[in-house]
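Undergrad: This is what each chain is made of:
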Amino acid sequence: MARALALNPRRGMALCALTGLLLAVLVQGRLEASRPAGAVHPLLYLPSGKYLRAVSLGFDGLVADMIYLWSIQYYGNFDIKDRYSYLEHIYGQVITELDPHYLDPYLVGALIMSAEARQPEMALRLLDKGVNNNPDQWIVAFEAGFLCYDELHDYKRAAYYFRRASEIPGAHPLVRRLYAEMYNRAGDKRTSLKEWSEIYDSSDDPYVRNVAWNHVHDLKVDVDLHDLKEAVSRFSDKAGRPPARLGELVTAGIAGALPLDPEERDYLYDARTGDVRYRGSLVLGR
Amino acid sequence: MPVLELKDVHKSYRSHLSIRKHWVLRGLSLSIEPGEIFGFIGTNGAGKTTTIKLALGLIFPDAGSVTLFGQEGVPAEARRRVGFLPENPYLYDYLTGEEFLDFHARLFGIDAPTRRARVRELLGRVGLANRGDRQLRHYSKGMLQRIGLAQALINDPDLVILDEPMSGLDPIGRREVRDIILELKSRGRTIFFSTHILSDTEMICDRVGLLVRGSLKAVGRIDELVSRDIPYWEVALQGVKNGNLPCGQVVSRRDDRLLVRVESPADMHRILATLNGGGAQLVSVTPGRQSLEDLFIREARASAAVPAESPERHAR
Amino acid sequence: MLARINAIALNTFREAIRHRILYLLLIFAVAMISFAQILSLVTVGSEEKIIKDFGLATIDIFGVLTAVFIGIGLVSREIERRTVYTLLAKPLHRFEFILGKFAGLALTLVVNTSVMTAWFFLVLLLKGMFDANLAAAVLLLYFQFLLITAIAVLFSCLSTPILASVMTLALYVIGHLLWSLDLLAVRLTATWGKAFCRVLYLVLPNLGTFDIKGEVVHGVPIDAARIAWAAAYLVLYGSAILGTACALFERKELQ
Numbered sequence: 001m002a003r004a005l006a007l008n009p010r011r012g013m014a015l016c017a018l019t020g021l022l023l024a025v026l027v028q029g030r031l032e033a034s035r036p037a038g039a040v041h042p043l044l045y046l047p048s049g050k051y052l053r054a055v056s057l058g059f060d061g062l063v064a065d066m067i068y069l070w071s072i073q074y075y076g077n078f079d080i081k082d083r084y085s086y087l088e089h090i091y092g093q094v095i096t097e098l099d100p101h102y103l104d105p106y107l108v109g110a111l112i113m114s115a116e117a118r119q120p121e122m123a124l125r126l127l128d129k130g131v132n133n134n135p136d137q138w139i140v141a142f143e144a145g146f147l148c149y150d151e152l153h154d155y156k157r158a159a160y161y162f163r164r165a166s167e168i169p170g171a172h173p174l175v176r177r178l179y180a181e182m183y184n185r186a187g188d189k190r191t192s193l194k195e196w197s198e199i200y201d202s203s204d205d206p207y208v209r210n211v212a213w214n215h216v217h218d219l220k221v222d223v224d225l226h227d228l229k230e231a232v233s234r235f236s237d238k239a240g241r242p243p244a245r246l247g248e249l250v251t252a253g254i255a256g257a258l259p260l261d262p263e264e265r266d267y268l269y270d271a272r273t274g275d276v277r278y279r280g281s282l283v284l285g286r
Numbered sequence: 001m002p003v004l005e006l007k008d009v010h011k012s013y014r015s016h017l018s019i020r021k022h023w024v025l026r027g028l029s030l031s032i033e034p035g036e037i038f039g040f041i042g043t044n045g046a047g048k049t050t051t052i053k054l055a056l057g058l059i060f061p062d063a064g065s066v067t068l069f070g071q072e073g074v075p076a077e078a079r080r081r082v083g084f085l086p087e088n089p090y091l092y093d094y095l096t097g098e099e100f101l102d103f104h105a106r107l108f109g110i111d112a113p114t115r116r117a118r119v120r121e122l123l124g125r126v127g128l129a130n131r132g133d134r135q136l137r138h139y140s141k142g143m144l145q146r147i148g149l150a151q152a153l154i155n156d157p158d159l160v161i162l163d164e165p166m167s168g169l170d171p172i173g174r175r176e177v178r179d180i181i182l183e184l185k186s187r188g189r190t191i192f193f194s195t196h197i198l199s200d201t202e203m204i205c206d207r208v209g210l211l212v213r214g215s216l217k218a219v220g221r222i223d224e225l226v227s228r229d230i231p232y233w234e235v236a237l238q239g240v241k242n243g244n245l246p247c248g249q250v251v252s253r254r255d256d257r258l259l260v261r262v263e264s265p266a267d268m269h270r271i272l273a274t275l276n277g278g279g280a281q282l283v284s285v286t287p288g289r290q291s292l293e294d295l296f297i298r299e300a301r302a303s304a305a306v307p308a309e310s311p312e313r314h315a316r
Numbered sequence: 001m002l003a004r005i006n007a008i009a010l011n012t013f014r015e016a017i018r019h020r021i022l023y024l025l026l027i028f029a030v031a032m033i034s035f036a037q038i039l040s041l042v043t044v045g046s047e048e049k050i051i052k053d054f055g056l057a058t059i060d061i062f063g064v065l066t067a068v069f070i071g072i073g074l075v076s077r078e079i080e081r082r083t084v085y086t087l088l089a090k091p092l093h094r095f096e097f098i099l100g101k102f103a104g105l106a107l108t109l110v111v112n113t114s115v116m117t118a119w120f121f122l123v124l125l126l127k128g129m130f131d132a133n134l135a136a137a138v139l140l141l142y143f144q145f146l147l148i149t150a151i152a153v154l155f156s157c158l159s160t161p162i163l164a165s166v167m168t169l170a171l172y173v174i175g176h177l178l179w180s181l182d183l184l185a186v187r188l189t190a191t192w193g194k195a196f197c198r199v200l201y202l203v204l205p206n207l208g209t210f211d212i213k214g215e216v217v218h219g220v221p222i223d224a225a226r227i228a229w230a231a232a233y234l235v236l237y238g239s240a241i242l243g244t245a246c247a248l249f250e251r252k253e254l255q
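Protein chains in written order, with our numbering: chain A, 1 to 286; chain B, 1 to 316; chain C, 1 to 255.
Derived from the structure by calculation, the hints contain no laboratory data.
Wrong hints could be hidden among the right ones.
Unchecked claim - Simulated crosslink set (DMTMM-like; lysine to aspartate or glutamate; CA at most 25 Å straight-line):
1) K129/A x E80/C
2) K220/A x E198/A
3) K21/B x E80/C
Predicted model, so just to flag it, every value in this text is computed and none were measured.
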């Protein structure tokens, strides 16, 4: 090699350069291997988006995009343990303050928060922010509603979000139906019936009408049965005995008129047990 | 009416770091008459380029006035009939020779067909007829000087101002430039140029101006300036035994031949008188002719002996 | 007068076009816009926003860089290389020289911006993401380039290329941070402090006027009045800058 150097100094210098580069690469590899796949990443310590704006010089949207892209790689990396400590900071303060109208961070951030970090309330906080910043985007409120419905089983809150979403022009009609259904899940069948009836009345789409009718059918049965049972109970308390026929409820002044079932038939009444039943079967079979 | 007139012009520079002013021109008055070739000579740093820049309105005088074609203060219009070649012209090296000349012609508002003809004609005149389509970055120094000269003549100017036009040219090139200058004069144009090379000045100039440290030491026709100076005689002697002479300056000595310079007829007679007694012989007497160079050196030396920085000194 | 300005402008344009750096910048810009495509593959969610943000940012940055780095040399390089002597020895007014230089770079920027924008729009059209409002965003970006060019020309008259580039870039950063002056004014208690901030806010070049990238990417409609106001600001502020440059250059000693 010395001879080669002596013969051609240029070749010798090139060889040195190449060797130097290879060694540097090896050292770098060694350095990275020795560092554990820690949860600490400098980007986690970014200041709030409000202050980041000072350095983004009008490129807020782009910087938000870049941080978002990084974040989904980071949070998707299962090798990094304990990676959720700054989750709310990254999505709630950094990205969404930089670009409040960028929807993906709200939606995907909430998904990470609820499904992976198991923090549904944190997700809802983020989605609330998204709803406030983007009152024209129904999807954010919808996601919040769905989260309450599916994860938290908090149907009242879900109903609130679904209503907000359905009021936004351009919302998917499904949202309205979910809203109606939430009352049912919450136990408020009367309101649910009212909402489903409105849907049925206001729609021209045969599919929607069919779905609505199914719900109206079953809800009407539930509501009627509930009302009738409650009237029977009041009669029993008052008269000391259950009524012999449902018609007695009317004559005694307890009920105004006897409701008919959706097929326009009477409800069945067993005087011995005091039980009121529907002679048909529920469409949705619940 | 002079084409260019400077009246009592003072010009100073202040370097960034010092507060003191450095006077470049002190009370310069100069006028260039139409149809003459005026040579502007001077020591390095005397202020020749500064004078030229003042004449063109590239810089402005601290005091005094500059009048070009009768317009004071050198407004843009006054330069319509002027052509200028700066020292070491740097040119747009990404342009070809033709594009370069065409660009400058446009600045005069010359229309396209005339421009084309003029460009072609000038390229031929400066000896670049076949090189017009090459980029200036590929030109040699001599070629750059020529294209610079062509640019100065693009508007067929009445006054041509040239700053060191011969620099960078070989003797053939210098001859060509001299010919162009003479040809311009024959068509009634005025030429004002500055140079170091005194032989060129002596050959073609009608008048010269000698600038030393910001003051004009001499201005006028060469034969007037030089003949104004005291002539001398060179006396060649042979066989002078002792070196003692009553007067005069020994110019050279070879074997027993002596060349002595005397400045007045009286001194000459005195030397001749000593010969008879010493056995020496007179070989020849030659009247010396002062050259411009002698004038130049003498004035430069005289000026160096005097302290500077006083703006009160005026030109003769 | 116009003929002379035109001649200088075309010459400046020719010089800029023959500058090899320009091609490098252009290739870079085109590469960046293409790179946006790759980036968009990594996202979870809408790739449209990423491509549009990236494309507009590329056009923005490279236009500014072109305006600054060619602009600062426009006058100072001519003085440094002494080419300005032969020019100003012509019957050319000094202000015509300045305006011609500015016009030449403005023309170069038109070509630059058009090439980048054409490529950008092509990519968008192929992906079906094109939106006519993007043209409005690019137009306002071009106004920004012109204003920065004027500032660069001004500093080019005043000092060396290095200093001029620092000062122009500084004004670019300040121009995008004027909103912080408003925030500062709110926090200051002294009235003179508030007034000072307000004055600075109004006098410094407000480059945010030309930034509608965010709105366009989010689909907010842009009305013509917005564009007209931005144009008016450009014309007025730009004239002030160029006027100052011309005034300074008028009595500049050309050593």
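Undergrad: Decide, hint by hint, whether the structure agrees.
TA: Structure-based check of each hint:
At most 25 Å may separate the alpha-carbon atoms for a hinted pair to count; K129/A and E80/C exceed this at roughly 57 Å. With a C-alpha separation of about 14 Å, the suggested pairing of K220/A with E198/A holds against the 25 Å cut-off. Under the criterion of a C-alpha separation no larger than 25 Å, the hint pairing K21/B with E80/C is consistent with the structure, at around 23 Å.
Hint compliance for this structure: hint 1 is the single one not met.
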